[in-house]
Amino acid sequence: MNLPENLATGFYAAFSLINLLYCFLGALLGTLVGVLPGIGPTMTIALLLPVTFTLPPLSALIMLAGIFYGAQYGGSTTSILINLPGETSSVVTALDGYQLARKGRAGAALATAAISSFVAGTIATLIIALLAPPLATLALKFQAPEYFSLMVLGLLVSVSLSSGSVVKAMGATLFGVLIGIIGTDVTSGVERFTLGVTDLYDGINFVPIAIGMFGLAEIIRNLGQGEDSSRSIQSGKLSGLALSGRDLKQIVGPTLRGTGLGSILGLLPGGGVVLASFSAYAVEKRISKDPSRFGQGALEGVAAPESANNAAAQTSFIPMLTLGIPSNAVMAMMMGALLIHGITPGPRIMTEQPILFWGLVVSMWVGNLMLLVLNLPLVGLWAKVAQVPYKVLFPVIVAISCVGSYAIGLKMIDVFMLAVFGVVGFVLAGLDCELAPMLFGVVVGPMLEENMRRALILSRGDPTTFVERPISAVLLAIAFIAIVVAAVPKMRKKRAEVFSD
Amino acid sequence: MITGFLFVGIAACFALLAKDLELGTSQNMGPGFFPLIVVGLIATLGLVIIVSALHKPGGNANAGATKPMMWRPFVCIIGSPVLFALLVEPFGLIPGLSLSVLFSTLGGRPWRPWHSIAVSALVTFSCWLVFVPGLGMPMPLFNWPGH
Chain A
88 MNLPENLATG FYAAFSLINL LYCFLGALLG TLVGVLPGIG PTMTIALLLP
138 VTFTLPPLSA LIMLAGIFYG AQYGGSTTSI LINLPGETSS VVTALDGYQL
188 ARKGRAGAAL ATAAISSFVA GTIATLIIAL LAPPLATLAL KFQAPEYFSL
238 MVLGLLVSVS LSSGSVVKAM GATLFGVLIG IIGTDVTSGV ERFTLGVTDL
288 YDGINFVPIA IGMFGLAEII RNLGQGEDSS RSIQSGKLSG LALSGRDLKQ
338 IVGPTLRGTG LGSILGLLPG GGVVLASFSA YAVEKRISKD PSRFGQGALE
388 GVAAPESANN AAAQTSFIPM LTLGIPSNAV MAMMMGALLI HGITPGPRIM
438 TEQPILFWGL VVSMWVGNLM LLVLNLPLVG LWAKVAQVPY KVLFPVIVAI
488 SCVGSYAIGL KMIDVFMLAV FGVVGFVLAG LDCELAPMLF GVVVGPMLEE
538 NMRRALILSR GDPTTFVERP ISAVLLAIAF IAIVVAAVPK MRKKRAEVFS
588 D
Chain B
52 MITGFLFVGI AACFALLAKD LELGTSQNMG PGFFPLIVVG LIATLGLVII
102 VSALHKPGGN ANAGATKPMM WRPFVCIIGS PVLFALLVEP FGLIPGLSLS
152 VLFSTLGGRP WRPWHSIAVS ALVTFSCWLV FVPGLGMPMP LFNWPGH
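If you read the protein sequences in the order shown, they are chains A and B.
According to this note's numbering, the residues represented by the first sequence are 88 to 588, in order.
According to this note's numbering, the residues represented by the second sequence are 52 to 198, in order.
It is worth saying that the hints were derived from the structure and are not from the lab.
Don't be surprised by glycine CBs; every beta carbon is placed ideally from N, CA and C.
Calculated cross-link-like contacts (lysine to aspartate or glutamate; reagent style DMTMM-like; alpha-carbon spacing at most 25 Å):
no.: 1; chain 1: A; residue 1: Lys228; chain 2: A; residue 2: Asp549
no.: 2; chain 1: B; residue 1: Lys70; chain 2: A; residue 2: Glu537
no.: 3; chain 1: A; residue 1: Lys190; chain 2: A; residue 2: Asp334
no.: 4; chain 1: B; residue 1: Lys70; chain 2: A; residue 2: Glu278
no.: 5; chain 1: B; residue 1: Lys70; chain 2: A; residue 2: Asp289
no.: 6; chain 1: A; residue 1: Lys498; chain 2: A; residue 2: Asp286
no.: 7; chain 1: B; residue 1: Lys70; chain 2: A; residue 2: Asp286
Computed far set for chain A versus chain B, every beta-carbon distance over 12 Å:
no.: 8; residue: Pro91
no.: 9; residue: Ala216
no.: 10; residue: Gly332
no.: 11; residue: Arg373
no.: 12; residue: Ile374
no.: 13; residue: Phe381
no.: 14; residue: Gly382
no.: 15; residue: Gln474
So that you can see chain A by itself, here it is in the shape it has in the complex:
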């Protein structure tokens, strides 16, 4: 099939009334939860994941995607209006966005964020449509050794892109791998690490792990730090959403550059989205004729990170959908959702589930359009939602976590696991271990073992198969370089700069 035909399939699927509704619902819910302080996209998806279980696969995925970029976008709204980034990737948006709001140009900043996100979303959707099919064709040639090496690459790159200590992140990731293989060994049928608990024979469900680590642990930290009550809203005048011709001219360049940078970084495993917005901002600041304007309320400082994080959010779907390897925690959850619906993401998804694949791609664009339409008129409402006091918010999160985990299979074990992983997440985060690569390890762990086993059967037990097959060797080499680069002190300093700039 060719591109227009594929897109037509997608449009047909995405524009069914029910899918449009779920797309809308997802974008709305995502924005609503994303606007709430202290809840980022990862947590939003973890909390809302159980809600989508009862839907058909495509609708569930469309809704989750909507939740994802809705949450992403909601975070930028609050960073601009109340200087309270809902998540790491909007920290940069707050720098100039909030300054603009203080100068009474909140409307212009919000419009810039909306428009640049939409442009980036449109371009990134096209990139997915163009890039995914050839990548999937390539991936079909992959056999077990290649898959094994690809997963090692994914794990190591996500470790090297995480913000803390490389050694700790690696340890946490491996810990995640161990947790992932708890349950019955698929080949021998032997129980592993279940402590004799019958309910663990099928392994630990992914959802309580994610909610516990990203939801409960976060609440404990927030409560422990005490609440900051100094949220002053800078809505002032929310009129003036229209941008002047001069404003538009100012944001064209940053938006396009941000989109390009974001699209590339989104493909990388690891903190793609966060890295994208930070580096897009840094690039604009560097090439600007007057860098001193940045941090004082430059529209470019809003357009660049917003377009970059949105583009990265979209393209991060590519590795998950075509290779079956999630590139970050959010994608790990998307993949978990697909697996629950009995769909294995990978190179075959495009030929076996064309409606699902292209429907999702097209719905991403539709969702972005909805955000544009939804957000500008509702900005006043979002600003109010963002001021919900935390003492009301956290019991709500706790309740959704409990009922959501229980709702997966009406099993108590899932709720207990929620508590266990709340503790795990809290302890590891307290020790500066990155949680995102760990979650990645949980998802990839079983696949890693399975492919290693298959590869070694094929090679009759000879481990050199991983370096003798050319594609596999190249992947491992890249993985090795990624981890060495991240561990070298000089690069570490530079990395720290990128994250603190």
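Assemble chain B onto chain A, guided by the hints.
Frame of chain A; chain B shown alone:
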């Protein structure tokens, strides 16, 4: 330093649990083969952290990560799902959820009884609305042990 010991501890626990698993050969990996590799790697990383921490005394910045004021929220937030798991099947969704939400509010300060009761009632009602009529989850609302 703590992280290092934690990693070594995790590795030791999993190794202990894996000791009865068959290793198999590399050509025919047994259930214990892959865990052994991962456990070995974690233990190595843990030792690396411990050794490098020993080499620069005073550089142990994350020793006080768990502040004493964290205990109260910790117990309440973690206790809440445990309570829910224990109560939901014998007593049903409504009592289980409202009590565990009420317990979680104890983690915030200042704790005001009426406010907390109102919040937990509201939250329980909304959760019921979303999950039971909304998503059609077959959860018993009220129950009594033995019935």
